[in-house]
Each structure stands twice: as C-alpha cells, then as structure tokens.
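**Student:** Listed in order, the protein sequences are those of chains A and B. Take 1 as the starting number for the first sequence in my numbering and just add one per residue. Take 1 as the starting number for the second sequence in my numbering and just add one per residue.
None of these hints come from the bench; they were simulated from the model. Heads up, some of the hints might be wrong.
With a straight-line Cα cutoff of 27 angstroms, these simulated DSS-like cross-link-like pairs (lysine-lysine) come out [to be verified]:
| # | chain 1 | residue 1 | chain 2 | residue 2 |
| --- | --- | --- | --- | --- |
| 1 | A | K99 | A | K524 |
| 2 | A | K498 | A | K171 |
| 3 | B | K208 | A | K171 |
| 4 | A | K99 | A | K203 |
| 5 | B | K89 | A | K159 |
| 6 | A | K171 | B | K154 |
| 7 | B | K208 | A | K128 |
| 8 | B | K154 | A | K509 |
Next come the chains, spelled out residue by residue.
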Amino acid sequence: MTRFVEVIARRDCKSFFTSGMEICRRRVKSRPSLRGDLTATGQRGCGSGRVVAKSTAFRYQKHEPPGAPWRARQPEDGMALTFKGGIHPPEFKHFTEDKALVEARRPGLVVIPLAQHIGAPAKPVVGKGDTLKAGQLLGEPGGFVSAAVHSPVAGKVLKIADHPHAMGGLKPAVIIEPAEDGGDGEWELMEPIAEPGRVEPEKLVERIRAAGIVGMGGATFPTSVKVVPPKGHEFDTVILNGAECEPFLTCDHRLMLERGEKIVRGLEILLQITGARNGVIAIEANKPDAVAHLKELTKDSARISVVKCKVKYPQGAEKQLIKAVTGREVPVGGLPFAVNVLVQNVGTAYAIAEAIYEGKPLVERALTLTGPLVSEPKNLWVRLGTPVSELLEQCGGLKGEAARFIMGGPMMGMAQHRFDLPVAKGTSGLLFLPPPPPEAFTEGPCLRCGKCVDICPMNLVPCDAALYSRAGNLDEAERYGAADCIECGSCSFVCPAKRHLVQSIKLLKPSVLKRRAERARAAK
Amino acid sequence: MDYDILLYAMLSLGGLGLLFGLALAVVAKKFAVEVDPKVEEILDLLPGANCGGCGYPGCAGYAEAVASGEAPVTGCAPGGPELAEQIGKVLGVSVENAVRKVAVVRCRGDKEHARDAFTYYGVPRCSAAQRLDDGPKACVYGCLGFGDCVEACKFDALVMGSDGLPVVIEDNCTACGACVTACPRDIIALIPYDEPVFLGCVNRDRGKAVKEVCSVGCIGCSLCSREKGNPNGGIKMDGALPVLDFDHEDHDFSDPLRACPMSCFVRRLPAEGAADDENEDAA
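Using the sequences and the hints, build the whole thing.
**Tutor:** Right, dumping it as structure tokens:
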C-alpha cells in the first residue's frame, strides 16, 4: 500500500483541485491517521491542490529522469518545505540563538583523536617530542575512507597515547602541549587557491582530502569521498544543510549569520566540483534572519537558491532534507547519489572555503555549549582537541550537580560521563541537562497506539522493529525496518509508554546491516 | 420414519471412509519417508526442552545430527552423562566418561565492592549498556548486573541477586551454555562440577587500575601462578589474568585461594576434610 499522498500547491492547476482534494479525503478515511500528512505539507485548507503521485519514488522515475532539468520546489511565500512524519520537540534555542560566536580561549592541553571520522583512523606522522606549527599535519588518512588530522595550535607533542573517546572506550590520540608564547604566530598553511574556477575539480577534491574535511553535521563522513559519486552516477543538485533541527543547537545558525559569505563560496566550490546545476541552501523557518541574510548574499547567483523548511525534527536528516527540497526519495538501502543529490552541512561548506581560499586545514569549528544547567550558554568558535572541561569553565561552569552531559544534540547526541573528552570534528554541541525525573525512563508496555508508526520519517514500524531487535530476531527486525532506521529518536520521543524504541533498534541494527551487506555480496 | 435414508447415509459415508482409509494406508506405505529408527529412539531419550545448547535447532535437530555421526553423543548438556551413555547404547558406541559441568559467575564486584562510573538510564540490558562507553560500571570487565544471562537461562538456574550479581542455582544448571553466550563480557564460564575452587574475576588490568574500580578485582600480581602461592601448579598467566587449567594433574586451587591478596578465588564446594568457612560460598 502506498503510505502517503502528497499535495503540492499549484495555483495554475485549478482543474485538478477537486479530484485532488477528494483523493486526499478518501485517504484520510482509509487510514487511521493522516494528520501528519496534511499538516506536514502545510496544505490543509489551501486554495488549490493536486495529487502529484502516490509515491514520490514513482514520480521521480516517471517525470524526472536523472539529469533532467528541475527547480527546487518553490512553495508560496510563508509556506515551508517538508517531508512526511517527524516531530516537533521543544526548541530551547533561546539560550544561545542571539549570542554571537565567541572565540574560545587557547586550550591548555590539546587532545587530537586519530579517529574523528567514519572509516579508518588516521596514521600518525609525528612522534613524541616533535615541535609543531599550527595547522601542521599530525596524521595522514589511513585508507580511502579516512581523513587527515592537523594540529590546531603550535606546540610540542607530549605523547601519542590512548585517551577517552566520545564514541566510548579509549582510542589513540595525539596529545599536544601548546607553546607558551600564545602559539598563534606561526601557521603552516597550504597554498591558497585564489581562483578555484580555473582549477580542475580533482585538484579541489585533493585539497579537501588534504585539509581533513569531514561532514560537520555530526556524521563525520570524509567529504572528499562523498563529493565524488560512484561511476555511472552524477550530482545535479547540491543541498547545503542549514536546517539545524536538533533542539538547543544554534552554532550553524550563527555561522550562517556571521560568516555566510564563506558558506556561499564553499557551495560554489562544491557546485564546481560536482558539476551540479543547482545549489540549494535549506534553512528551517525558525531562522528567518539567516534565510534573509543568505538570500541577500545569493541574490545575484542564478544557480543558488535559499529555501525555507518547516520547523520539524528531523528536517536536517539527509534523506528527509532531500525529500523536502527536491521531492525525491532515496531508495531503500541507497545513498543520496542514487537520486543525484549531494547534501553537505553549512559548516562543511565553510571549512571547504577556508581550505581552498586560505589553505587552512580543518582545525576549528563552531559549537554550542548550552543547557539549563550552564551559567552562561555560548556559541563558541573552538579549536579541535580542546577538552570539554576548559570550555565549560569559560561558560561559567555548571549551576547544578549531577548533570546529564550530551555531546551533540539532545536527540541524536551521545551521552557522556567525563569532562576530559576533547572536541572533535563532529562535535556540534555540548549539552548539560538536569538529571531526569526517575519516571522518564521507566518503560511501560506497548499500547499499540501506532504513534511511532505515524511519525517515523523513514516510514518504518518502530514498535515492532524494537521488539524484534530486543529478541534478536534478525529477519523480523529487518522486515519492520531496523536496517533503514536513521536513529533520529522521534519514536522514543513520541512514545506515550516511554519505550526505548530507537535504543533497542540501534542494538540490532549493525547485525542486520552486516547481513544485508553479505546478502548483497552473495547476489553479485 | 424412513429407515432407508439412515441406512443409505451410513452405507455411503462408511464406504467413503473405508475407501479413503485404504487409500491413505496404501499411500503411507508406498511413499513412506524413511526415518532412521535411531533418530526417533534418541529423540525419545532427549529431555525435549529444545534449549539449543548443543548448537542444533532443538532436540530433533540434535537427534538427527547424532544419528548421522555429525554430533558427539555428549553434546546434550542437560541430559548429562547418563543420557550420553544411553545414546551411546542406541548407537552402539562406547562413551568416554563425559564430565558434568556447571556455570560459574567469574565476577565478585557487587554493588558494595565495585564502583559505578555513571548512572545508566537506557535499555535495561547488559548488551545495551555495554555499548554506551562500556557500561555504567567503572570496571570494564565486571558484571553489569542487568541479567542478560538470567533471561537466557531456560532452566531457572540463574537469578539476579540483590547485590547486583547473578547467582547460579547449581542443582538446576545443565551447563547448556546459553548464559555463556548471552553475557557480553564473557564472565560466565562452564567448569567441571566437582571443582571446588575457581577464579572470580576476569579483569585484565593491573594493580592501581583495578584497585581504583573494584576492591575485589584481580590485580595481576601473578602470585597464584608461582610456586609460592600455588605449589601444585595448574595456573598460568595470560597477560595480567591467571588462567586455571582444570585438566592439570594433581591441581589444588585451595592454595591460591588462601594466598590471593585480593581474595579473588571463590570456593563453591566445601573443602575436603576440614570445613573452610572463611570464604563466601559462590552459590
């Protein structure tokens, strides 16, 4: 059965109006709840509507063959692009959204983990006692899917040793003692590329790889690998992800407002590398100032548009953003290149611009240190490798005891229990929350209410996938979608019985994915 | 009343029944699937709990595997040596003396002795907690106490004690090994049933690192592997963790039990001769 009907406003299609709305109403009756669908597209009661197709995947194949010209969906003013499902958690952005990015103090100790990205860890090229310049290479990529790491400060290598890692356990890291004189005098930069338009794309990709750039939204996939599609595929669209749909986080927002020029330049470079015709900057509607600012910056560019997305979680998830902006649906088990789209975080675009125009490797990033327990929540411009404890000190410390500390956003971030962890390439937020009420984590039995099914942005059945995941039943867990879960946590958020849905699915997901990969290999 | 109708009905239905019965009988004889009579015989002997401890899908799977010589006759742990002997009789093979085993929990870090690194609110399971920075326990080798093993046990041989460590009810334990597989930290092991002493720790760190997290953890002093602590031999060091060799001739782990400075060894059966009340019983 098709899962949803999509309605798109078309003032010039009055003739379709009646039939379109009728189909919608019928669907409303035939399904337990279509509330999500209608509000999701923001079309309830709008003047005209048209059913485009029963499934977007179908529409894409039929009407938009790869490579055919298209435009980003252009909704009427005041309407925002979106996808099916999702939730709207309290935003809590008021803590920091008006606070400008502040340069954090130079750290007293720098810890650079060799594994800050998806893929093989970097191989260290420095040894104990080596004197470093800021920006110097510390570790080269350990494989094709890997990224280089650089020193954010001038100083001396204390040791290369195991250090607590944000993903759990101890992982090898280069520990650096910054030079006493401030250490900022000497930078070792790469040759700037002043006119990237005249350089071959391969050179630009090489530079991105040399600068150690990875996806800065949190997934940390090496950008140099992502921008080159596999053979037989090409990108026609590059979407810059400025949705920042996680509650609390505001660093991308501030980055767009304060350093928008470089973000746009980064997007231009991405367009050149991929040869894509369209560049879209997608921003959630709760950041009207950022939308206006970037619209102003890109008003002369024919290829780049800025679109407003509905305020909804997980609007910034790759597949959901593609769906919202282009209407295309990434096939099951597929990646965005299958629908010719490249998605990059705005922070990544900023890092690319710095690497190309200034030759600067990825050694700094914006992050939000926030939460009700923090004395002075701030948006910080931080050198990678700075221990969390030092940043917390600069924000006035904690107001209460026994906080919950989350690295990343509250929905998808990792809970941590130590403050000596370093800021890594994928750290977008440091969140300090009060201890939860005890009943918040007491599970009740599944009510079979279907709320999780209604809101799942991947159209899965979280309640059953979770049950089977806990029972270790690979077949059934996969049938109900454990392999396609994006781990956004919407289901756990919405569950009235407070079941650990996404947590349970995450338990079995690696095994399900492994089996799926084995099956794919066997089929070849 | 017309009795003819009754008669015809009985005759026709009876005739049909007879016909189908005959057909079934013929077909059953002609197309019979040949089943090794031994399989059925063995299946009757097996406990029928379908615990899967043998590694085959249920008792029927194991019976087939044994009959075809694929699985060893001692493969059914719940049945024990008596069953192995019976199966051996059916198959006409002699059974080497199968050793009865029992599960032991190799961790003594209860709530009192082992420190927690943080409070865990997630899915109340060891396998889930293990994935969040190696679990809430400060000792990354110790028992997490959420009871994955208790859930895995089909014979009610494991219960979660109030101190946060599982307790083996040895009378119920069939050594099927389900708990060994379920434990994400490899804390539960099967040892011969008549071994009175085992090592109650699997921590592979040394000295200070262990003492920081647990007051009854093995610090890797290697005393038990040396002549001084264990004159009868049978213990070798694997890194910082002693490995007990239960097959070693004339081993007696009562000596290291007395020598161990951290009292990591556990006595689960009373000592021969004099009762040794000093050590807590594992069960």
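**Student:** Are the hints correct? Go through all of them and say.
**Tutor:** Status of the hints after comparison with the structure:
A distance of roughly 54 angstroms separates the Cα atoms of A:K99 and A:K524; the hinted pair therefore is violated under the 27 angstroms criterion. Restraint check for A:K498 and A:K171: the C-alpha separation of about 33 angstroms exceeds 27 angstroms, so the hint is violated. Distance hint between B:K208 and A:K171 is fulfilled; the C-alpha atoms sit about 20 angstroms from each other, no more than 27 angstroms. The straight-line distance between the Cα atoms of A:K99 and A:K203 is roughly 37 angstroms, outside the 27 angstroms bound, and the hint therefore fails.
Simply put, B:K89 and A:K159 have alpha-carbon atoms about 66 angstroms apart, too far for the 27 angstroms limit, and the pair is violated. A C-alpha spacing of about 38 angstroms is found between A:K171 and B:K154, which places the hinted pair above 27 angstroms, so the restraint is violated. Taking the CA atoms of B:K208 and A:K128, the gap is about 25 angstroms. The hint holds against a cut of 27 angstroms. Proximity of B:K154 to A:K509 is assessed by CA-CA distance (about 26 angstroms); at most 27 angstroms being required, the pair is judged to hold.
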